[in-house]
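Chains D and P supply the protein sequences, listed in that same order. Residue 1 is where the first sequence starts when you use this note's numbering, and the numbers rise one by one after that. Residue 1 is where the second sequence starts when you use this note's numbering, and the numbers rise one by one after that.
Do not rely on the hints blindly, as some may be mistaken.
[To be verified] List time: in silico DSS-like cross-link candidates among lysine-lysine, alpha-carbon distance up to 25 Å:
#	chain 1	residue 1	chain 2	residue 2
1	P	K205	D	K34
2	P	K120	P	K299
3	D	K372	P	K229
4	D	K409	P	K50
5	D	K294	D	K78
6	D	K294	P	K420
7	P	K120	P	K205
8	D	K409	P	K120
9	P	K229	P	K299
10	P	K91	D	K78
11	D	K409	D	K34
12	D	K71	P	K205
13	D	K409	P	K62
14	P	K205	P	K420
15	P	K299	P	K310
16	P	K62	P	K50
[To be verified] A short, non-exhaustive set of chain P residues, derived as facing chain D with CB atoms under 7 Å:
#	residue
17	R41
18	T42
19	I210
20	F218
21	A224
22	Q228
23	Q232
24	T395
25	A396
26	T401
27	A406
Derived by calculation from the structure, the hints in this document are not laboratory data. Where a beta carbon is used, it is the ideal one built from N, C-alpha and C, also for glycine.
Here is how the chains run, residue by residue.
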Amino acid sequence: MKKNNKEKQDIGKVLIQELTGGDPQNRKKRSFWKVIEIPALAILTGLIFGAIMIASTSLTVYAAFSEGFFKGLGQAFKEIGTAYWALFAGSIGDPSAWVAALKSGDPVAIRTAFNPFLESLVRATPYIFAGLACALGFRAGLFNIGVEGQLFMGALAATFVGYSLHGLPAYIHMPLAFLAGALGGAIWGSIPGILKVTTGGNEVINCIMMNYIAYRITTWLLTGPMTRPGTGGMPLSPLVEKSAEIPQFFQSPIRFHLGFFMALAVAFLVWWLLFKTTWGFDLRTVGINTRAAKYAGMSIAKTTILGMAASGALAGMAGANEILAINHTMAIGLSSGYGFDSIALALLGNSHPLGVVFAALLFGVLKNGATKMMVVSAIPIDIVTIIQALIIMFIAAPAIIRSIYRLRKPKDETVTTVKLSSWGGGK
Amino acid sequence: MAASSTTIQRIKIGGISTARRVSIGVIEILIGVFIYIAFARTVAADTLTKFVMTPGGMNVGKMADWIVPSQLTLYILIGLSVLIGIGQLVKGYGKATNGLMGIAFLCFIFAFLTWQASGKSLNLAGMLSSSVLLAVPITLGAFTGILCERAGVVNIAIEGMMLMAAMIGALMGSVTGSLWWGLLFGVMSAVLLAALHAVLSIKYKIDQIISGTVINIFSTGMTAFISQKFMQVYQQLNNPGTFPRLPIPGLSEIPLLGPILFNANMYVYLMFALLIIIQVALFATRWGLRMRSVGEHPKAADTLGIDVIKTRYMAVLLGGVVAGIAGTFFTLGSVGRFDEGMTAGKGFIGLAAMIFGNYSPIGALGAGFLFGFADSLGSKLSLLGSVIPSSLMSTAPYLITMIVLAGFVGKGHVPAADGKAYEKEG
Numbered sequence: 001m002k003k004n005n006k007e008k009q010d011i012g013k014v015l016i017q018e019l020t021g022g023d024p025q026n027r028k029k030r031s032f033w034k035v036i037e038i039p040a041l042a043i044l045t046g047l048i049f050g051a052i053m054i055a056s057t058s059l060t061v062y063a064a065f066s067e068g069f070f071k072g073l074g075q076a077f078k079e080i081g082t083a084y085w086a087l088f089a090g091s092i093g094d095p096s097a098w099v100a101a102l103k104s105g106d107p108v109a110i111r112t113a114f115n116p117f118l119e120s121l122v123r124a125t126p127y128i129f130a131g132l133a134c135a136l137g138f139r140a141g142l143f144n145i146g147v148e149g150q151l152f153m154g155a156l157a158a159t160f161v162g163y164s165l166h167g168l169p170a171y172i173h174m175p176l177a178f179l180a181g182a183l184g185g186a187i188w189g190s191i192p193g194i195l196k197v198t199t200g201g202n203e204v205i206n207c208i209m210m211n212y213i214a215y216r217i218t219t220w221l222l223t224g225p226m227t228r229p230g231t232g233g234m235p236l237s238p239l240v241e242k243s244a245e246i247p248q249f250f251q252s253p254i255r256f257h258l259g260f261f262m263a264l265a266v267a268f269l270v271w272w273l274l275f276k277t278t279w280g281f282d283l284r285t286v287g288i289n290t291r292a293a294k295y296a297g298m299s300i301a302k303t304t305i306l307g308m309a310a311s312g313a314l315a316g317m318a319g320a321n322e323i324l325a326i327n328h329t330m331a332i333g334l335s336s337g338y339g340f341d342s343i344a345l346a347l348l349g350n351s352h353p354l355g356v357v358f359a360a361l362l363f364g365v366l367k368n369g370a371t372k373m374m375v376v377s378a379i380p381i382d383i384v385t386i387i388q389a390l391i392i393m394f395i396a397a398p399a400i401i402r403s404i405y406r407l408r409k410p411k412d413e414t415v416t417t418v419k420l421s422s423w424g425g426g427k
Numbered sequence: 001m002a003a004s005s006t007t008i009q010r011i012k013i014g015g016i017s018t019a020r021r022v023s024i025g026v027i028e029i030l031i032g033v034f035i036y037i038a039f040a041r042t043v044a045a046d047t048l049t050k051f052v053m054t055p056g057g058m059n060v061g062k063m064a065d066w067i068v069p070s071q072l073t074l075y076i077l078i079g080l081s082v083l084i085g086i087g088q089l090v091k092g093y094g095k096a097t098n099g100l101m102g103i104a105f106l107c108f109i110f111a112f113l114t115w116q117a118s119g120k121s122l123n124l125a126g127m128l129s130s131s132v133l134l135a136v137p138i139t140l141g142a143f144t145g146i147l148c149e150r151a152g153v154v155n156i157a158i159e160g161m162m163l164m165a166a167m168i169g170a171l172m173g174s175v176t177g178s179l180w181w182g183l184l185f186g187v188m189s190a191v192l193l194a195a196l197h198a199v200l201s202i203k204y205k206i207d208q209i210i211s212g213t214v215i216n217i218f219s220t221g222m223t224a225f226i227s228q229k230f231m232q233v234y235q236q237l238n239n240p241g242t243f244p245r246l247p248i249p250g251l252s253e254i255p256l257l258g259p260i261l262f263n264a265n266m267y268v269y270l271m272f273a274l275l276i277i278i279q280v281a282l283f284a285t286r287w288g289l290r291m292r293s294v295g296e297h298p299k300a301a302d303t304l305g306i307d308v309i310k311t312r313y314m315a316v317l318l319g320g321v322v323a324g325i326a327g328t329f330f331t332l333g334s335v336g337r338f339d340e341g342m343t344a345g346k347g348f349i350g351l352a353a354m355i356f357g358n359y360s361p362i363g364a365l366g367a368g369f370l371f372g373f374a375d376s377l378g379s380k381l382s383l384l385g386s387v388i389p390s391s392l393m394s395t396a397p398y399l400i401t402m403i404v405l406a407g408f409v410g411k412g413h414v415p416a417a418d419g420k421a422y423e424k425e426g
């Protein structure tokens with residue numbers, strides 16, 4: 001029992017060290033703030049730029065400015081405040097509503113008051129899977145920009161297994177459909193990997209091309225072989241069987257479901273694979289220094305293909321999760337740009353599973369809140385995409401953040417810039 | 001990669017390895033066999049295929065329709081591709097390999113069209129004419145890539161720059177009421193993004209692919225934001241009109257070629273002008289030599305007194321200008337309206353055209369036409385009621401891009417310092 005406890009502690013310690021890029025023996029302990037300094041400031045700066053966008057595209061702000069400078073400034077802050085408050089209340093919850101619900105003691109009211117937060121977790125779930133996909137790729141030195149396509153293929157596979165098999169018990173059908181999704185994504189993801197190994201074709205362009213192909217295959221399947229009978233050519237698949245659904249914990253409209261915990265489990269699994277197995281060690285070594293890995297006798301080809309397949313499998317899980325837990329049917333508008341978001345997540349989370357989980361929670365909150373913000377203040381949800389682009393930029397180039405906030409450059413900077421290969425795949 | 005191809009000794013004829021020579025020859029013969037099995041056998045002996053040789057709505061430069069017996073045409077095409085294949089197997093074509101491969105490929109396409117339109121009629125000229133228009137953004141995107149990558153900066157942000165320029169072009173064209181102002185502002189927006197790419201990848205030395213991705217995501221978000229916030233609400237802000245056709249006197253009356261090439265809008269002429277300018281500037285001027293040396297061996301260039309950083313900035317900014325022109329084509333040269341995500345991967349296909357065209361403007365133009373043709377094929381076939389669903393047919397440009405990248409058509413010379421940030425020593 002005691003030993004077990006100690007082991008647990010060690011795992012926690014290792015986790016922190018790995019998250020901070022530290023090596024247990026040689027590196028000094030770095031404070032918590034130092035770890036999150038750049039990501040936190042990047043998010044903050046992204047939000048500030050978002051605020052500027054909101055104010056500078058608002059016609060009422062310009063109208064107020066014409067009446068006087070301070071009036072305009074006041075209106076600008078008012079609009080930013082309204083928008084960001086809507087974002088907060090829509091994603092975390094309104095504290096006054098919590099208090100009221102808790103005072104009433106009615107369980108339904110309590111659940112409803114906390115639903116915005118639960119809904120953020122629901123939104124975060126596909127982000128965890130997708131972010132892990134991209135992070136795993138980064139660790140192997142691969143830029144998997146094909147998460148979007150792999151997600152579609154995973155969703156298609158999960159949908160197919162979900163509606164075509166009948167009479168299976170839920171404890172078999174649901175995992176089967178979910179794994180089918182992972183397999184679909186893995187197959188789709190491994191193609192760029194195989195192409196890279198055999199022909200040296202760069203995975204970035206191949207992945208992008210395969211995204212477009214996946215999208216068109218989806219269109220074809222949903223209007224042809226996989227269409228739901230009786231919808232008159234609407235691009236929709238049949239509903240998946242009840243037994244294939246990932247169970248939701250509460251009654252509608254609360255959508256919080258088991259998939260969130262599955263995502264956490266998968267995140268742990270990825271962490272274990274990456275940092276506790278030989279395969280993960282090989283993968284990371286190839287990602288850091290291909291030549292060294294080659295000299296150490298590691299198979300670059302195997303690692304590249306398996307890395308892409310594993311990354312694709314995670315992306316496929318994101319698609320399967322969305323189908324089995326939320327939509328229960330496949331439609332063309334399945335993804336709201338998870339592919340691009342996953343890059344931001346991996347960079348934000350320093351390509352570490354734990355970091356990715358936190359980044360995904362943040363994005364879930366942002367996306368969920370932005371939906372509410374769009375309703376309240378008519379600001380297009382794409383503001384989140386702009387903020388995300390800025391966050392990636394600031395994290396990839398910490399020097400910009402440092403010069404904005406006049407921070408000193410740390411002596412032992414472990415830059416986690418992703419090393420990617422040039423065209424042709426040569427190193 | 002450059003090192004491995006020189007160190008590994010292979011028997012080469014005109015720079016083509018034996019394995020590739022044989023495999024290409026076999027594929028060319030297989031094309032012939034495929035045409036026989038899939039097309040020629042299924043066509044009845046007496047059916048005719050009618051190709052209309054004047055694009056719809058054209059009054060000058062008319063050409064008589066071309067009516068051919070379907071089966072005979074198919075047999076001629078089979079013979080041609082098999083002959084090319086045998087020649088390739090026996091002695092190889094050296095530098096002309098890609099060109100002849102292209103001819104075999106055209107045989108296949110033409111056979112497919114003949115088969116598809118047997119007993120019906122197909123407007124071949126209209127298809128070629130739309131291929132030229134579809135090739136414009138791809139080719140210009142490839143030119144952007146050439147300008148940047150010849151100087152050693154990988155640019156996958158072409159897509160984002162084009163999208164932004166398309167949106168700004170439509171918006172400013174509508175606001176100012178002038179297409180030229182729209183073009184100018186569109187180009188400026190792309191140049192701004194190019195400047196961002198340059199600063200991120202040259203000054204801050206972040207991975208050039210990440211930097212490009214940032215710009216692509218930013219453009220996707222920004223264009224969708226502005227479009228939803230303003231252009232969809234106030235329709236008059238999204239109505240710039242399009243550049244009119246400019247028939248060139250005399251030339252536009254040539255049958256077939258006239259209506260396709262010389263009675264097009266400004267962008268087609270601009271594409272050819274840029275082709276000549278970039279080709280000459282890169283390969284016949286001191287400026288071009290310096291730029292290429294920066295892309296090949298920046299340290300050597302630096303030693304000789306060439307300002308590597310400045311050259312790279314200039315190359316990326318010039319690339320931004322070309323990408324901006326390409327972007328405004330979508331709105332001002334084509335549909336006269338901005339839709340979200342309307343560039344649909346053309347920037348990335350442009351990159352593939354650049355690689356296919358071996359980093360030369362002429363090659364890029366050829367590749368651009370090929371992709372443009374594949375694109376227009378997809379849309380034409382859905383009108384003909386093809387057995388292949390149009391959504392699957394429209395994957396053709398993407399599939400071709402992947403085949404090209406796989407080095408199936410041979411790998412050209414990638415600038416040696418492509419994608420590497422330059423670190424000045426001392």
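Results for each hint:
At most 25 Å may separate the alpha-carbon atoms for a hinted pair to count; K205 (chain P) and K34 (chain D) meet this at roughly 22 Å. For the proposed pair K120 (chain P) and K299 (chain P), the alpha carbon gap of about 62 Å is over 25 Å, so the pair is violated. Restraint check: the Cα-Cα separation between K372 (chain D) and K229 (chain P) comes to about 16 Å, which is no more than 25 Å; the hinted pair holds. At roughly 71 Å between alpha-carbon atoms, K409 (chain D) and K50 (chain P) are farther apart than 25 Å, so this suggested pair is violated.
For a cut-off of 25 Å, the pair hint linking K294 (chain D) to K78 (chain D) is broken: about 59 Å separates their Cα positions. Our distance criterion of 25 Å between C-alpha atoms is met by K294 (chain D) and K420 (chain P), whose separation comes to about 22 Å. Restraint check for K120 (chain P) and K205 (chain P): not satisfied, since their Cα atoms lie roughly 58 Å apart, outside the 25 Å limit. As the CA atoms of K409 (chain D) and K120 (chain P) are separated by approximately 71 Å, the hinted pair breaks the 25 Å bound.
For the given pair, K229 (chain P) sits about 48 Å from K299 (chain P) by alpha-carbon distance, which is inconsistent with the 25 Å threshold. Only pairs whose Cα atoms come within 25 Å are accepted, and K91 (chain P) paired with K78 (chain D) is rejected, the gap being roughly 77 Å. Proposed proximity of K409 (chain D) and K34 (chain D) is supported: the alpha carbons are some 11 Å apart, at most 25 Å. A hinted pair counts as satisfied when its Cα atoms are at most 25 Å apart, and K71 (chain D) with K205 (chain P) does not qualify at roughly 42 Å.
With a C-alpha separation of about 70 Å, the suggested pair K409 (chain D) and K62 (chain P) falls outside the 25 Å cut-off, and the hint is violated. This hinted pair checks out: K205 (chain P) and K420 (chain P) have alpha carbons roughly 9 Å apart, not beyond 25 Å. Distance restraint check for K299 (chain P) and K310 (chain P): the Cα-Cα separation of roughly 14 Å lies within the 25 Å cut-off, and the hinted pair is therefore satisfied. The suggested pairing of K62 (chain P) with K50 (chain P) holds, with an alpha-carbon distance near 16 Å, which does not exceed 25 Å.
Taking 7 Å as the C-beta contact cut-off toward chain D, the hint placing R41 (chain P) at the interface is violated, the least distance being around 27 Å. The interface hint given for T42 (chain P) is violated, since its Cβ lies 23 Å from the closest Cβ of chain D, which is over the 7 Å cut-off. Taken as an interface hint, I210 (chain P) checks out: its beta carbon lies about 5 Å from the nearest beta carbon of chain D, inside 7 Å. Against a cut-off of 7 Å between C-beta atoms, the interface hint on F218 (chain P) holds, since the closest Cβ of chain D lies about 4 Å away.
With its C-beta approaching chain D no nearer than about 4 Å, A224 (chain P) sits inside the 7 Å limit, and its interface hint holds. Interface hint status for Q228 (chain P): upheld, as the beta-carbon distance to the closest one in chain D is roughly 4 Å, under 7 Å. For Q232 (chain P), the interface hint is violated, the least distance from its beta-carbon to any beta-carbon of chain D being 9 Å, above 7 Å. Contact between T395 (chain P) and chain D, as hinted, is supported at the beta carbon level, the nearest pair being about 5 Å apart and thus within 7 Å.
Hint status for A396 (chain P) relative to chain D: violated, with the closest Cβ pair at about 10 Å, above 7 Å. Taking 7 Å as the C-beta contact cut-off toward chain D, the hint placing T401 (chain P) at the interface holds, the least distance being around 5 Å. Because the closest C-beta pair between A406 (chain P) and chain D is about 4 Å apart, less than 7 Å, the hint holds.
In terms of the numbered hints stated before, the structure departs from hints 2, 4, 5, 7, 8, 9, 10, 12, 13, 17, 18, 23 and 25, listed from lowest to highest.
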